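Based on the provided sequences and hints, a complete structural model is requested.
So the sequence lines, in the order shown, correspond to chains A, B and C.
Residues 1 to 323 (my numbering) are what the first sequence spells out, left to right.
Residues 324 to 575 (my numbering) are what the second sequence spells out, left to right.
Residues 576 to 1415 (my numbering) are what the third sequence spells out, left to right.
The hints are simulated quantities; they were obtained by calculation from the structure and are not laboratory data.
Among the clues, some could well be false.
Taking lysine-lysine pairs in the PhoX-like style, the calculated list, with each CA pair at most 20 Å apart, reads [stated by the list, open to error]:
no.	chain 1	residue 1	chain 2	residue 2
1	C	Lys712	C	Lys678
2	A	Lys284	B	Lys339
3	B	Lys520	C	Lys877
4	B	Lys481	B	Lys469
5	B	Lys339	A	Lys281
6	A	Lys281	B	Lys469
7	B	Lys469	A	Lys284
Since the model is a prediction, treat every value here as computed from it, not as a measurement.
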Amino acid sequence: MTMVLALVEHEEGRLAETSQQALTLARDLADQEDAPLAAVVFEDDDEQVGFELASYGVTELYRVEHDRLDRYAPDARAATVHQLVDEHDPEAVVAPGSDRGHDVLGRAAARLGVPMAANCVEVTAGDGYEVTRHRWGGSLLEHARIDGSPALLSVAQHEVAAEEAEDGGSLTEHSFTPTLADSDLLVGIDRIEESDEEGVPLEEARVVVGGGRGVGGPEDYDKLEELADLLGGTVGASRAAVNEGWRPHDDQVGLTGAKISPDVYIACGISGAVQHMVGCKGAKNILAINTDPEAAIMENGEYAVVGDLHEVVPAITEAIREG
Amino acid sequence: MEALACIKRVPDTGAKIPLTDDQQSIDTTTLGFTVSPHEECAVEEAVQQVETHGGSTTALTLGPEEASEQLYTAIARGADEGVLLEAGDEEWRPTATARAIADAIEELERKFDLLLFGNESADTENYQVGPRVANELDVPCVTGIKDLEVTDGSAVAKREVTGGSEVYEVPLPAVVAVKEGINSPRYPSMRSRMRAKRQELTRMDPERVDGPTFERIRLEAPETDEGAAEVLGEGPEAAPAVVDVLEDIGVL
Amino acid sequence: MSSRELPSSAGTVIIGAGIVGNSLAYHLARMGRDDIVLMDKGPLPDPGGSTGHASNFLMPVEHSKEMTHLTRRSIEQYDEMDMFTNSGGIEVARTEERVEELKRRVQSAKAWGEAGELLTPEEVEEHVPYINTDLIKAGFYSEGAGTCDPLRAGEIMRERAEDSLTVSPNTEVLDLHVEDGSIAAVETDRGTVEADEVAIAAGLWSPKIAAMAGVDIPLTPAVHQLISVGPISFFEQFEGEINHPVVRDMDTQMYERPSGNDMEVGSYQHRPILWDVDEIMSIDEAPLSPTQPPLTEDAFQKSMEDSLELMPEVLDDPDAGIRYEIDGLLSVTPDGAPLLGPLQDVEGLWSVSAVWIKEAPAIGEAVAQWMTRGWSDIDLHASNVNRFYEYGTSRKFVKNRAHEGYQKIYGIVHPSEQWQSSRPLRTSAFYNRQDELDARFFEAGGWERPQWFWSNEDLVRTYNEELEGLLRANEWDSRWWSPIILGEHLHMRDHVAMIGDMGFGIFDFVGSDVADYMERMVVGRTDVDVGKTVYTPVLADNGGFVSDLTVARLGPEHYRVVTGGAVAGSDRAWFEGRIGDDEEVTLVDRSESLCTLGVWGPDAREVLQEVAEEDMSHEAFPPYTAQEITVGGVDAWAMRLSYVGELGWEIYAPMGQGQRLWDVVAEAGEEYDIRPVGMGVYGTTGRMEKGYRLFGHELELEYTPAEAGLTFHGVKDADFNGKEAYARAIEEDNAATLCTLSVDDHVSSEGERRFMLGNEPILDGEGEVIVDEEGRRSYVTSAGTGPTVGKHLLMAYLPPEHAEEGHSLQVEYMGEHYPVTVEVVGSRPLFDPKNERIRS
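Written out as structure tokens, the structure reads:
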């Protein structure tokens, strides 16, 4: 019996959102193939995950059990996928486009000697699979045909809306114990380090609160500092502000300063000159706060608040505290 | 220590990427070329490790003749030598690329301790070349690395996760696929840029072995809504909406 | 101020929010326009044009007075906005030839009123401690130079204009609507704005916008390479954006400009890289900005080496990397000057294009003056957009000239230097004949005109004695010059000469209102008998010169205006723009259909009488009249006048019969030894001896007819442009008067005879530059040898205390002072003061 096999991640019994998205696409594929949807889970810490998987239409669950798999070991997971493929011959293996998803699927592809399509947003079964996938961080879409046995697909994060199956069915759990070599366990997490966000360099900060000429003077950076601290982030500045002497050059974000790649860049009173935007284009999200709705940064960013940063920033700080 | 940094020549693009009329590739008429940001960091990491531990850095790329520019840039940034696998203008899939790189590494008869890759290339984003090369060479591989420390015969590599990092310790030689942020790549000095141009590159003619098919049909520039910023509100009243967004992004 | 809503109509729409668009908006608002829309395709404050990547330094001293004054005025404006840092600037010389050029810089600095001095390498090092003095031979220090922030200045200008201005960024112009020859509306992706007046300030996109209205703005995008290197540890000890002078390394065509801890290295050394506007990336596609494509690295190699060699201490800092590198795109025009003013053919449409940040605030101001009152304080004639009208707007021409001119940006450009590309372009009916006689062609307004004829070389021997002391031994002085010009001149004075096609602009005006119209346009009385000619100034409202030209009355409702070829385009625009809406006046441009042959000299009448069917006697054809004549079967029209001070005629004939006209006259003149002579005689030697003024040299907006000595018309009853100011100028004492001077001693300290070429400062006995009470400095407006009077002649405006015949002064030339004497105050000719020859 052929199947579509999904790799999923969960934490404390809850599926990761990206795994829900991957499952949604995998189910669509299984429906197209008229094949059952199977899932494999490695974290063997909670019974609950079976119910949630069932609600996403998974009918076969492979719980991986192995006494040496107490920690994340990507090669061991790839070896497991390889063995499951050998055993069940799935049409496709689908994983979330997460760090671990890619880490495991890439290795599995190498072991299996099959192609992999990363960051898919749509897959159509037919003569092989026709996939639509992201390139350039989603700035381009690639339409391609993948012809693997199986086809390995990762699903772009937050592109496919997670949807439970219309009719929740039954799920059969299987225990699966892979055969693992020492080499499969060579790479694995040794320990987890808690992050110490204090004094994070701009380049590494997950949150950067930037201030430009609109801040108006060195003292008003306090408001930005406060918000940055609350979010475990760091303060940056535009070249204009540095040239005014309000902030040291080390704080400068831009072409001749730091190139940042935080999860969110909160740009306050920054117009968005080209030279500045080059420094923050690595930011996953830009939230601009500016009085001018036409400022370049308002066009370039993901989110915008039109208003005076001197009022808006303290309001956000307060809302977080209250939250 | 011998370090290898593998890089890929990619167009330097803006927000919108122009396509050729046949939709098979990017129209690079007016675009410059660079390497993926992750790979810039890979080169920098190699150079820094060699600065700390001694040895030399080799930059390697597979691509058209013009990719020699990117090797010269890597040399200007501190790499000691450059290897060009002359692959012509066509795009190579990760399987063939990894095979060619693995072949080249063997052919070079150099014992690389550290094989650095970008986690994924900026243009095709396949996430595969590093792991596939590791598989070919049968060496350990870590991906998504944002911190690397090399000690005697092994490497401690860290991958960022929410609230901290996962720490991996692997014996060398190893493949390490790095992410932007692991370091701040230096800007090449004028002198090193001039010197780099005078350096001889090692040129190799790789054999292309394609795996099972992956066939591009066409590329497409997705519709973008002009002025994409979502306005969350005006003035301080927007604060709650901002908090929601920060929660969605996952920084709260 | 910023608004997503575009108004449906506006008084003035400015397309392009770079520095010059902002400046124009601000100054228009200041001058009372309250209904302005400023739009740009890109975002603000940096919409993506050249303003966003300029290196932002201003070196005020240039050989062009217009450009120097515009830069000075811009510095004042930046400074007033607190956007100027006075860093000083130094041009360094690596070669002896450049040292001479730097001396000429000092000369120009003095002439235009800027600080400027020559430095030894050691003195350069005091200002720029990191320079390699082994490489340089001298420096020119421009104390007034500095840097600015044009993006911020633009913001300030928009803020100041706030009450009168709607700013609309991210607004793309899709079309310009033209109705009945006038601009009607600007159609954008945010709606259509009806407008009375539209100014195109879109930089290198200007041609594209102009094409929407069917007109040409001749410029091309070209690459200027720029890198930024840092952080440089040497600069870390200093605060602020710039602490050392900007250095221009002239001989490598590069500059080094400190900026914070970085050094910006810019180059014009590389091969010219020209772009087509359609190749330029859109804002969305550009990684940096549309005008900042990636550096073409191979073209920059030599520049990298040269700059490292000049400033090893800072550029070879091991920690300093190349942080930024671009092929910056900027606008280059066929002659390097901006493109300003009302565009021919579409009323209400203006060009404010090809402007550098160093001139932009002043140009915005000057064009605003031009738009609101018809003339600007700083004369912009050399930048008039219409100077290429009808000949120099093709893509190929613009590219060829831009390619050639690129090397002149930092080059040593001789004042008479000729263009090599796209020639010949405009040739008259006489061209082939002239070419057969080995003419040395110079170009004016696109026309090929002989400067002298190699076939006349024998005249140098003939006049051997007369030419003694007037021959130029120095290479620079004699570049683009020949002693044959002097021989041709003397031959004309003794016998007869023919001058084929002066490249005139010829405009016929017809219609029932033409008499009133013409009267209004010019100073001289034009309500004259049919057949009369009038030489007259054309004035702006301030009484300054717009042009000087000849008006001939051909019929009761028919006038012909003949003007200089170089100003034909701008003059036509001036006349065309002043035809009233209800006025019955039609302009017919005959410049391309009529050729002109001048026949002058004592034997001119004998020669012409042999071939003309009409009576050419003094009585039948008096001076300053015009008649139709038939010459050897060619139907022609002739005016009896002369710009060279001789008896003779200008004969106008259909272009197609020009060659026949030439042949007929040449054959008839054979027994009188008629010689074709060049523009060297017509434009310089002849007129200098006669004290005739030349527009753009003696005549410009800053001086009045009274000062130029051209008030012989008096003040007529009828109203005319500039009448009030003109009448006032006649009443008042002149602050300066145009004089003719002669050089007393040509011998330099090296023992070489030197000859001034024009634009040199005039000094008093103490060696101080002479300045009149209005602050205008005395300089040589024209220089040329007068072979008949046996002297090298200079024209200059002098204040009353110096404007005395016989008075001794000095002129500075290439770093030395030469004694000169005032020969004539006013317009009295030095040669034949009573004009007996013309009237003979």
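Checking against the hints above, which ones are violated? Those not satisfied: there are none.
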